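Undergrad: Quick mapping for you: the protein sequence lines, in order, are chains B and U. No gaps in the numbering here: position 442 of the first sequence is 446 in the working numbering, and each next residue is one more. No gaps in the numbering here: position 269 of the second sequence is 273 in the working numbering, and each next residue is one more.
Hints were generated in silico from the structure; no laboratory data involved. Please note that a few of the clues may not be correct.
Because identical chains cannot be distinguished in the list, a pair is counted as satisfied if it fits within a single copy or across any two copies.
As the list claims (entries may be wrong) - List of simulated lysine-lysine pairs, DSBU-like, C-alpha gap at most 30 Å:
id, residue 1, residue 2
1, 499, 541
2, 510, 87
3, 570, 503
4, 228, 514
5, 150, 570
6, 503, 70
7, 570, 499
8, 228, 9
9, 9, 479
10, 514, 334
11, 510, 549
Just so we're clear, the structure is a prediction, and the values are computed from it rather than from any experiment.
Each chain, letter by letter, is given below.
Protein chains: 2
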Amino acid sequence: MAIYKAPVRDMQFVLHELLEAETEFKALGFDEASSDLIDTILEEGAKFCESVIFPTNRVGDEQGCKFDNGHVTTPAGFQEAYKALCEAGWMSLACDTEFGGQGLPNTLSVFFEEMLQSANMAFSLYPGLTRGAYVAMKAYASDELKRRFLPKMVEGTWSGAMALTESHCGTDLGMLRTRAEPQEDGGFHLNGTKIFITGGEHDLAENIIHLVLARLPDAPEGTKGISMFLVPKFLVNEDGSLGERNGMSCGSIEHKMGIRGASTCVMNYENAKGWLVGEPNRGLHAMFSMMNHERIMVGQQGLSQAEVAYQSAVDYARERVQGRAPTGPKFPDQPADPIIVHPDVRRMLLNSRAQSEGARALLGWVSLLTDREERHTDPTEREAAEDLVALLTPVVKAFITDMGTEACNNCLQVFGGHGYITEWGMEQLVRDVRISQIYEGANGIHAMDLVSRKLPMHQGRPVRRYLEFLNAFVKEHAEDQELEEFMAPLGEGVKRLTKATEWLAKAGAKNPDEPGAAAYDYLRLMALIAIGHMWAKSASIAVNKVDGDNTGFYRTKLSTARYFMKRVMPQTLGLLASLTSGSDTLMAPDAEAF
Amino acid sequence: MAIYKAPVRDMQFVLHELLEAETEFKALGFDEASSDLIDTILEEGAKFCESVIFPTNRVGDEQGCKFDNGHVTTPAGFQEAYKALCEAGWMSLACDTEFGGQGLPNTLSVFFEEMLQSANMAFSLYPGLTRGAYVAMKAYASDELKRRFLPKMVEGTWSGAMALTESHCGTDLGMLRTRAEPQEDGGFHLNGTKIFITGGEHDLAENIIHLVLARLPDAPEGTKGISMFLVPKFLVNEDGSLGERNGMSCGSIEHKMGIRGASTCVMNYENAKGWLVGEPNRGLHAMFSMMNHERIMVGQQGLSQAEVAYQSAVDYARERVQGRAPTGPKFPDQPADPIIVHPDVRRMLLNSRAQSEGARALLGWVSLLTDREERHTDPTEREAAEDLVALLTPVVKAFITDMGTEACNNCLQVFGGHGYITEWGMEQLVRDVRISQIYEGANGIHAMDLVSRKLPMHQGRPVRRYLEFLNAFVKEHAEDQELEEFMAPLGEGVKRLTKATEWLAKAGAKNPDEPGAAAYDYLRLMALIAIGHMWAKSASIAVNKVDGDNTGFYRTKLSTARYFMKRVMPQTLGLLASLTSGSDTLMAPDAEAF
């Protein structure tokens, strides 16, 4: 069976030692987010996710959501778990106190979210989407809408959903057809059908607040004619009580590869009453403000499943005896050695661990940058944070979800045949994590976003800033002999990333196909450097603490950092060669030749 | 929905042009395997697999096998499909005429098997295991057993199963506990429980012939005390009619990630009557003779699913309109362009295609080597073939199944959100193909087999022979300007493989952990060279035929070869660097540190 214990110690390392979170939080005006509070949240969050949420994970997959005549029933235990989540206040960590939230930093909430996603990724989508809807509404909704809807959403009594996709358009939202007709009362009537609406209908919350993208009658064609509307399942009376059922219904739910405990709905809006959120025809802009948050969260889903897979595989590899160590029996009195003695089993485990811990550090750092972007008092710092968040969000989303699938598959492999059998729980992880590469923008779209929008942004300022930052980091530690084994490979990697960036700027100027052809390799190259940076930074902390540490924590940090530098970083060689080979190999064949 | 049209033209290319099969077959004494017969088998096999077998694939996954009180019911349509398969004689292509087979080359049968596996991988396991049992029995069973059992197995009236794994041992068969007690009539009584027995029980055949590994009472411990027994579900009377039910029963079937139409059985043997096959205590040796065949077949499963995934994704990418080409609208009169205009979609498709077609060529070549190994009149040629088969079997098994999973995932990704939805059929491919990386020896075990057994074999003769062969091939074409773009990268790759091989020989002599630590990277490196060799050879044929070819076939061969050389081959850079970084990064951490 899959096992999960929240990696509290590693989270503490990232928050306290790597990010120096308490100091950062104080500077950003989060006065309450003390070191003690951070630890309390991590420890209590861990207990809650391990004991209340994780037990719902297998049954959620087995039962899935059930659809009957417009109603969706979530799997056994989901209602109780959701109630407990709301009552303990876990929904509201990073929400504003103005709406009943706890006003804590996003960065702290993100670590709780990792645990929640590890414990049950399908379940975590219901609060996750509510949080996303909260973010968008907080930024764009009128005060009246905020007042009426946000407190209930912060409590979790009402949940949120994002309604973008239609059957003929997902990536290319410019083609969407759902229509919004203005009514005399200042509201709108929405008509259309949306698909793939996660949490569009379910039995966990009293009301479900949809943020729906639709076109006004006079809207221009394409993406510049899309507006965002708040469309609640039940209308809300002046006093905040629930009124009549709105003109919207769930037509069916999808049968999916995984996340079967999450309802994926076809939603029909028939004269559904809605309210404009933000400006007319600026809906996509508003939606993206929420989607950046969602993208980091989806990136984290890759990590969350990789963590469970890793822990489960380590447990199995320590227990399962089979064969002998290459250097001779380690347990001569047993019929065989545990398979963790085998170098190739360790390769699968360490690859998962090195990528996961690196990803956790990176997610923590990018989350901190989002807090800085929003709250730093110095506009120069805000701009710097904004640049890096813009640049790294697609990297985090795409690479960490790719890594998650790779890690879950590697860890399943450690189980041999048992990994393929449902009751062991490993194949569920592979199925569940797979969606994270697809939704919130398929990973290829993020690669395109990186090379086509983020690289040229502000005449290349974000990527220049990042490369300078990395070079400064390497230079800062250049004299330290103890760190050379980490800084040298990182420095080489940064050179390769710089070369790739320069090549792309030149090649892209001549041929519009080049950015797209290089995009995926480029994103992966940048991701390996970003994770490598986190490992080098982690190592720079660990070398000073390894003496006298009797837990082995820092020794393991150093050995895992070494693994990353020697056995993962070399991939950057091939990526640079592949991406600079140009677009001809991709573009030469006619569509008919495929 | 997934679609499948058997790639007859590409199979013809491999057989007729790349392998010059007719000439080869004649030299090996397969006088009937003319060029015409080859084409007939490919064309009729294609029709059969597309129209009779492929329609059972989705329903097989949806229904799965059902277990009730020892009985296993296969999904709707499987019985009819199996009957049609037997009646048309597809089971017996490469079986000896002596037992009612058609006596055709293994190499030809293998191409039919690819189609059968593409059409329904789960279904293909029933005839596949029968064929495997046939191979082992033909080599090791007594004439009496052969006479009594093989003709019915060649017909398909009776099927075969391999019973190796027990709950506490899979890879490490030395620990197996099933016992065989000699009886007065010269037979044996078997007692024990086996797990993961594919096709151990089902409703397709009148009898099921198990080859069971078990220990004789006086057997030495470990792998040298294992014998192989033929244990039929129903005893067989002297006249060949079925007698009483044997003392064996299916205790349950597994719920699995995929291949749900294949029964995966727990088998209980209780005083089951069995007959020794081969010599006492030499059962593992006999089983491996069958497993080499099975391993090539399992490698091919990776290709088979990649092919269906590729065809389906190309179809979708041509139909689905979304966004615009980077160079400007290709279909300005439509609301958007088909997604096949996007470089990154092409990357996912071409990566699958380049690896699949390369794998098909490699599988064809290795299969031809198995025919040569068995039948060539010149013992030097037999030895050469044997060396290459031994070396390349683990490469084929592990790499092509890894590639299959990668390709199916990439092709699912092309579908975006629809890829994750069951009804589209793509996620089934990902689930089905995943087992091929695990069974018949997990891929890591094959990597170990390659570096620890195959490299040192005959003082390194097989790998030396292969490297010499590759170098000679590159040299042969060195003067050809037109081929430089293919031969130069291949030549570089061969140099890297040579370096890796030399490094491994030295490092492994000093530290027994090195081979295992390098194994996976080394196998992948050799595989990329092996596939690269096939692409360079394919290109050397295509350059001479591209002029005047109005089908585009040879032009596409060349462009796909270019893709492989420029965008896949560079991975060898990172693999060499990673594997020569040594085992320390893997072996340093204690088991507790994970």
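Undergrad: What hints, given by number in increasing order, does this structure fail?
TA: Hints 2, 5, 6, 8, 9, 11 are the ones this structure does not satisfy, whereas the remaining hints hold.
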